[in-house]
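Protein chains in written order, with this note's numbering: chain A, 204 to 567; chain B, 3 to 331.
For the record, the hints were derived by calculation from the structure and aren't laboratory data. One or more hints might be untrue.
Computed list of lysine to aspartate or glutamate pairs in DMTMM-like fashion (alpha-carbon distance at most 20 angstroms, straight line) [stated by the list, open to error]:
id, chain 1, residue 1, chain 2, residue 2
1, A, K452, A, D432
2, A, K565, A, D509
3, A, K565, A, E490
4, A, K452, A, E507
5, A, K452, B, D175
6, B, K40, B, D125
7, B, K40, A, D220
8, A, K565, A, D536
9, B, K40, A, D455
10, A, K452, A, D417
11, A, K452, A, E490
12, A, K565, A, E538
13, A, K452, B, D78
14, B, K40, A, E443
15, B, K40, A, E507
From the derived model, a few chain A residues whose C-beta atoms are all more than 10 angstroms from chain B [as the list claims (entries may be wrong)]:
id, residue
16, R434
17, G460
18, R470
19, V487
20, E490
21, G545
22, A558
Just so it is clear, the structure is predicted and the values come from calculations on it, not from any experiment. Glycine included, C-beta positions come from ideal geometry on N, C-alpha and C.
The residues making up each chain are set out below.
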Amino acid sequence: MPKAQPLVVGSPAPCIDIGGRAGSVLSLPPRGARPTVLVFLDEAPPDGRAGRPHLDAIRAELRGLGAMLVVASARGLWTFRPDDEIEVFASPPDVDGRDLERAQHAYGIAPLHEGGGALFVIDEAATIRFAHEFREAEGRALPLLAGALSIAGEALATRPAPSRASFSRREVVVGALVAGLTLAFLDACARRPPPPAPAAPGPGPFSTTVGEADVTFIVNGAPRTVRVDPRVTLLDALRERLGLTGSKKGCDMGQCGACTVLVDGRRINSCLTLAVAVAGATIVTIEGLAQGDTLHPLQTAFVELDAQQCGYCTPGQILSGVALLREGHARTDAEVREQMSGNICRCGAYPHIVAAIQRARKAV
Amino acid sequence: MRPFQYLRPADERAALAAASVEGAALLGGGTCLVDLMKLDVMAPASVVDVTALPYGAVEDTPGGGVRIGALVRNSDLAYHAAIRERYPLLSEALLAGASPQLRNMATVGGNLMQRTRCSYFRDAGVGACNKRHPSSGCAALEGHHRMHAVLGTSLSCIAVHPSDMCVAMTALDAVIHVRGPSGERDIPIVDFHRLPGDRPDLETELGRGEIITHVTLPASPFAAHSRYVKVRDRASYAFALASAAVGLELAGDTIRSARVALGGVGTKPWRSREAEGALVGRAADVTNYRAAAQAALAGAVSRPGNAFKVTLAQRTLVRALELASGRST
């Protein structure tokens with residue numbers, strides 16, 4: 204039978220009945236008001252010994268998720284309902300091979316004896332919400348599945364009770380399942396062959412952050428690790444976690460420049476930068492500009508020319524000015540003003556700021 | 003900010019899978035998305051950081067054009083030698099937008115997806131915004147709409163498209179290349195952004211799970227005579243009240259071909275074929291520039307607070323044409 208087009212997310216899930224022992228029939232996916240994880244793979248149901256740890260893990264996760272798992276294999280058909288023991292619906296030779304083949308064809312996947320398998324998340328409305336075909340998971344599909352469900356469970360646990368009308372519990376369950384499965388499978392694929400251990404802190408081949416995570420970056424020359432929720436901005440990580448309060452929170456929406464820091468040598472607004480997104484980067488704040496007691500030439504110029512009044516915007520002005528000097532796009536006063544337009548000074552110290560930058564530019 | 007899952011796929015395949023999950027939002031520079039998430043205007047279930055994907059190059063194409071990766075930062079593009087030399091219009095427009103810090107962060111793909119600065123859209127406490135909540139109404143129609151659009155509006159939405167880059171790319175016949183669950187496709191920029199109609203929440207042609215990979219610009223005959231003029235409330239670091247991107251191909255005093263796009267006045271980057279039609283084959287002089295500007299704004303629908311934009315946009319366009327051609331009053 205020629206291989207059909209693989210099903211895509213959003214299509215209706217085909218409903219196929221598979222004949223089992225003594226005229227009984229199992230519907231794929233099972234009819235009922237519950238999200239289903241449907242897996243095609245070339246593995247037998249886990250027996251009481253080797254498969255047990257994975258089985259326990261899978262069941263625990265399914266309980267948390269409220270989803271059910273159906274595994275279709277030429278070596279057996281089995282189901283897991285969250286609250287029940289594993290139910291082996293049919294073992295060889297009772298599995299109707301033609302029905303199974305028909306189901307695989309309907310879902311557009313390759314014959315299972317070639318190794319690998321496929322996984323679908325189907326919601327209560329029988330719509331496919333996630334589809335993933337895996338090729339090389341032979342012999343390790345169960346641990347993979349346990350890991351995926353665990354990530355999905357964690358995602359669900361860390362998500363607050365849905366308060367918005369747009370998120371029903373079902374959507375949260377399906378969303379968490381999908382996110383977790385996507386990650387775990389792609390993570391597994393990305394790790395084959397295993398990459399060498401990273402020399403420097405940085406994001407892995409496929410990084411994911413659910414809840415809090417450790418993020419390491421180089422701040423003012425030293426590696427620093429902070430444990431942050433993905434919502435934490437670089438500005439808040441610097442100020443609230445690392446105690447580097449020189450970078451200022453002015454508008455907190457990228458309109459004032461008081462939060463300007465250097466990331467890998469470039470000036471950016473740290474209030475609009477997620478801390479997790481700059482893992483591994485080199486960051487310079489106002490605290491890192493001086494060499495011991497020797498100020499950066501621009502800091503000296505700011506002091507000498509009185510380039511601040513209240514001082515709140517000054518760290519951002521100086522970091523922005525340091526970057527401006529490196530960029531080399533400004534020579535005239537007008538060009539300096541234009542290139543400093545991302546740093547607002549409500550005291551109006553602009554004339555002295557421009558003068559300080561010009562003095563430092565000529566000195567460097 | 004609402005909780006979300008942060009993902010950083012290492013390759014395209016993983017990114018496409020993560021992007022197709024319901025509730026996913028793509029993160030480039032974060033200058034728009036993170037801002038709107040803080041304001042609770044956007045609340046994605048997952049944030050897919052695409053910055054590890056190999057979309058960071060600017061390369062020449064065989065036909066004399068250029069291919070710009072979706073992850074090229076605005077500042078890098080603005081100062082790129084090939085862009086400054088062959089597409090100075092684009093460089094000018096990029097440098098007229100935002101601040102150096104934001105340009106260091108913002109990506110080409112993100113800029114194409116930039117969302118409006120309409121204050122009612124950005125204020126989650128305002129009930130009536132058809133863009134945020136379809137069928138809830140539009141507070142701007144009878145509210146403060148000095149910054150709002152006069153071209154391409156509907157009774158559902160008069161929010162202005164904020165990008166400078168997109169206006170220049172519209173004048174330069176850019177093509178947006180996307181990749182998604184059903185393969186690759188190319189979308190001319192004039193078709194990429196949608197008019198609001200009665201569904202202002204649907205802003206672009208980008209489908210679910212699709213990722214912008216790059217933008218191509220065809221070879222341009224306009225490099226010698228092009229200009230981006232932006233008029234705003236302060237000298238720098240502000241959104242446009244009106245802007246004009248123009249490219250002229252001159253044969254002596256005659257305009258052989260022309261490209262005109264307007265910003266700050268349209269619900270999308272506004273290509274004006276009416277203005278182009280009024281220029282081609284005519285003499286490059288101010289009389290014809292004024293006629294082109296009239297034609298460009300002929301279809302304008304203004305409201306009391308933004309009626310000034312009709313005249314302002316015309317004058318901005320005339321000025322851009324004068325500067326591009328070197329012929330002024």
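To see whether the hints hold, each was checked on the structure:
This hinted pair checks out: A/K452 and A/D432 have alpha carbons roughly 19 angstroms apart, not beyond 20 angstroms. Proximity of A/K565 to A/D509 is assessed by CA-CA distance (about 18 angstroms); at most 20 angstroms being required, the pair is judged to hold. Of the supplied pair hints, the one linking A/K565 and A/E490 is violated, its CA atoms being roughly 24 angstroms apart against a limit of 20 angstroms. For the given pair, A/K452 sits about 26 angstroms from A/E507 by alpha-carbon distance, which is inconsistent with the 20 angstroms threshold.
Restraint check: the Cα-Cα separation between A/K452 and B/D175 comes to about 40 angstroms, which exceeds 20 angstroms; the hinted pair is violated. A distance of roughly 11 angstroms separates the Cα atoms of B/K40 and B/D125; the hinted pair therefore holds under the 20 angstroms criterion. Taken as a hint, the B/K40 and A/D220 pair is broken in the structure, with Cα atoms around 48 angstroms apart against an allowance of 20 angstroms. Between the alpha carbons of A/K565 and A/D536 the distance comes to roughly 12 angstroms, so the proposed pair stays at or under 20 angstroms and holds.
Restraint check for B/K40 and A/D455: the C-alpha separation of about 9 angstroms stays at or below 20 angstroms, so the hint holds. The straight-line distance between the Cα atoms of A/K452 and A/D417 is roughly 23 angstroms, outside the 20 angstroms bound, and the hint therefore fails. In summary, the hint linking A/K452 to A/E490 is supported, as the alpha carbons are separated by about 15 angstroms, within the 20 angstroms threshold. With a CA separation close to 15 angstroms, the supplied pair A/K565 and A/E538 stays within the 20 angstroms bound.
Note on A/K452 and B/D78: the hinted pairing is violated, with a Cα-Cα distance of about 27 angstroms set against a maximum of 20 angstroms. This hinted pair checks out: B/K40 and A/E443 have alpha carbons roughly 18 angstroms apart, not beyond 20 angstroms. The straight-line distance between the Cα atoms of B/K40 and A/E507 is roughly 39 angstroms, outside the 20 angstroms bound, and the hint therefore fails. Interface exclusion of A/R434 from chain B breaks down, the closest Cβ pair being 5 angstroms apart, not more than 10 angstroms.
Residue-level check failed: A/G460 sits 6 angstroms from the nearest beta carbon of chain B, not beyond 10 angstroms. Against the 10 angstroms criterion, A/R470 falls within the reach of chain B, whose nearest CB is about 5 angstroms from its own CB. The beta carbon of A/V487 sits about 14 angstroms from the closest Cβ of chain B, which is more than 10 angstroms, so the claim that it is off the interface holds. No Cβ of chain B approaches the Cβ of A/E490 within 10 angstroms, the least distance being about 19 angstroms, so the stated non-interface status holds.
Non-interface status of A/G545 relative to chain B is broken: a Cβ of that chain comes within 10 angstroms, the nearest being about 2 angstroms off. The non-interface label for A/A558 is consistent with chain B: the shortest C-beta to C-beta separation is roughly 18 angstroms, beyond 10 angstroms.
Violated hints, in rising order: 3, 4, 5, 7, 10, 13, 15, 16, 17, 18, 21; the structure is consistent with all others.
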